[in-house]
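Participant: One letter stands for each residue in the lines below.
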Amino acid sequence: MHSFLRAYPTEAKLLAVLILICIGLSIASPDFLTLVNFTSLLNNNAVNVIWAVGLLVVLIAGGIDISFAVAASVVQYLCVYAFAAIGGGNWAIGFLFAGGFGLALGLINAFLIHQFRIISIVVTISTFNAFFGLLMFFSSGRFLYNLPSWWSGRVILWEYQTASGTWAELILPVLVMAICMAATWVLIRRTTTGRQLYAFGDNPEGARRAGISIGLMQAIAFGWCGMMAGIAGLMQAHITKEVVPNALIGRELEVLAAVVLGGARLGGGRGSVLGCFLGVLLVAVTQNGLNLLGVSPYAFKMVVGVIILLAISTSNLDPARLFVPRKGRNA
Amino acid sequence: MPADAVPPDALRFSGITKIFGGVKAVDDVSFTVGAGEVHCLAGENGCGKSTLIKIITGVYQPEPGAGMEIFGQTYAQISPTQARKAGIAVIWQDLALFAEMTVAENIAFETMLGNRPRAVSYARLHRVAAAALARLDVELDLDARLGSLPIAQRQIVAIARALVSDARLIFMDEPTASLTQSETDALLAVVRTLSARGVAVVFVSHRLAEVLEISSRVTVLRDGRLVGVFPTAGLTQSRLTELMTGTVITHDVMARDTGHNPEVLRIEGLTRAGEFGDISFTLRAGEVLGLTGLIGAGRTELCHTLFGMTRPDRGRIILNGQDLQLRSNRDAVAAGIAYVSEDRLALGLIQPQSIADNTVLSVLRQITGAGGLLSSRKKDATVSHWISELAVKIGTPADAVSTLSGGNQQRVVLAKWLATRPKVLLLDCPTVGVDVGARAGIFRIVRALAEKGLAILLVSDEVPEVFLNADRVLHMAGGRIAHEWDPRQTGLPEMEAAVYA
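Protein chains in written order, with my numbering: chain A, 18 to 348; chain B, -9 to 491.
There may be inaccurate statements among the hints.
[Said to hold, decoys possible] Short, incomplete list of chain A residues facing chain B, as computed with Cβ under 7 Å: (1) 181; (2) 183; (3) 207; (4) 209; (5) 210; (6) 212; (7) 216; (8) 221; (9) 228; (10) 230; (11) 286; (12) 287; (13) 318.
Calculated directly from the structure, the hints in this document are not laboratory data. Every residue, glycine too, gets a C-beta built ideally from N, C-alpha and C.
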């Protein structure tokens, strides 16, 4: 426990805040602490978490990606046409295609950033516009409903009828989310490549001198983010059973805020999968709680904004230091 | 290897020349380092030291005709990879470490290199890192985040990392530049341990006392040429300075009697709990008052209080007969107090901005013209006045400050503060990271400013600096004034004995 606190101070604080909010909400609203509410929270946020762990890898490597949510929309369209072209497909092909298309879009970002030495925020704002513009142009803004049945059919992993008669259930995206989280955790914590990503984000010049391939780092970071975006797109269409060109645009900032809330640093070199998950969950639980309390949905964004501001401004504060006067560095 | 065999020299380089755009940066230099030797490479900035190191580590290729031998093996050409494989490591001044990663990961970082992903074994990282630290006889918390360590311990981490990659020859570029005396001593102990275990160390440092203490031989370069290789036994600092600069720098005590000058600053019983206590002294117009003591004695803290950055708990600061209540450093500037900080590179200058912009930064309000907008005419006049006054060597005022040498950057910092027309100048360790020749230039300026009536508090942890350049010397220890000396009456050995006691 002590070593967890020391290695993950942000995550520990986040967890504490999350638990406090949960306790508060379960007192204020009888509907909050129910199995049904809990499972629907997971179902509704699986897509955001998948995006978040992809974006996390980019942030750790010192970059930023604005284009992933739009990229997910592009992947959805490409998938619809690709599945039609091969005569239907199945889940295995679905993941392969969605992950593959997403990876390709991510690698476009990595190529532009590395080849032309442009900072990632500029590149991904450009590709954000380019991807969305191309998508609107070629789709003419059309919605697609003709999804293959394997894709749009609801896959329920687990269900349970509660005493009140309502059903608690977990759907496929939750499992996919868990796999994406585990895979990202293995990548960044358990492989040499992942540690190189941290080092590169922390001190690019030091990493270069140590002999790390910079181009490879960018490709892995943005490729991973793209792949996760593609898979998230597949899951999102599975939930909504339709593909809408402008359904996902705007979600990128929400995810970015959650990841930063989870302790990832915009300067690179810091962040964890657990933090991402807690960050997304904190935002979701707050919205969910406000909803149950009958607060106007228009107020959600405002409250979420305040929470993020509070969390980020206090994450630089060491509680131990609040009560001790600051000393000069030679003291 | 049989026990009686003599190990080959770590390095045998001869006839090294490197030409950049027609200029010989290094001209026919030979450089030999024995196995396990601590060797010093000395010379002023721009003498070719860095170029030579870059040739040895394979970053630059020398002109044809060079003889290059590393641990007995001859090379026609050296790439950075070959140099590393041959056992050469460089610890750069900026360390190239990873602040967000743990000590263990930083030390054993090499085990995580390679483009093909492999599983990370944290147990192995710990083992490798602990073994490297054990070779240095140092203990560090392997799970601590590197960024949480003081710079001295990061230096140890950088050395340990070099050992993990089997370095047998380690170059250290200004390793002690930002260390305190006790940290420096600890580092020198590590260097001795390395040497005793057969690892050769090439030390590049501006601090000549250290150079003479730690190394057995010193190779001196000047203007790209080899001046010679000298055993350090019997070599004095002033002789080494002469060899490096090619001129005899006078080491005369500059102190004059300033006891009749009007009093400018009077400090009475100034106290700040935990930092310093009961400080009283006077500073007269045209006087250079030296303030020395070990790092941690409270010198910098005292400066911060005099400059209004921290509040005293007790005591008075009296400037020209008036009690000062400084609420911030803006109050101090307005009252006529200027402070040139110890860490000028980080705090004193805005590196990417131009020399001109840096110079006028503290007087922006005075160079406004009609409508309160900045007047470029007034700005140019201010800038050119101070650049000529302080003899700053620059291309044009529009060049970035980062293009200047350390000594000239220091002058720009001075110019920035002198532009505020201060009555009292607090100079905190003005020669940190500045080479010998440029130091003399800085002290000439200090002396000239004093002649014009400025009252100067010169803070330094190098006792000889205050001994030679101040009119009076205060010795601060444990937050209190321990001694007051007159350099014309008290000798340097006596002062050093008291300070380093």
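Participant: Run every hint past the structure and note whether it holds.
Facilitator: We went through each hint and held it up to the structure:
no.	hint	in the structure
1	181	violated (48 Å)
2	183	violated (45 Å)
3	207	holds (6 Å)
4	209	holds (4 Å)
5	210	holds (4 Å)
6	212	holds (5 Å)
7	216	holds (5 Å)
8	221	violated (10 Å)
9	228	holds (6 Å)
10	230	holds (6 Å)
11	286	holds (4 Å)
12	287	holds (5 Å)
13	318	violated (31 Å)
When each numbered hint is compared with the structure, violations occur for hints 1, 2, 8 and 13.
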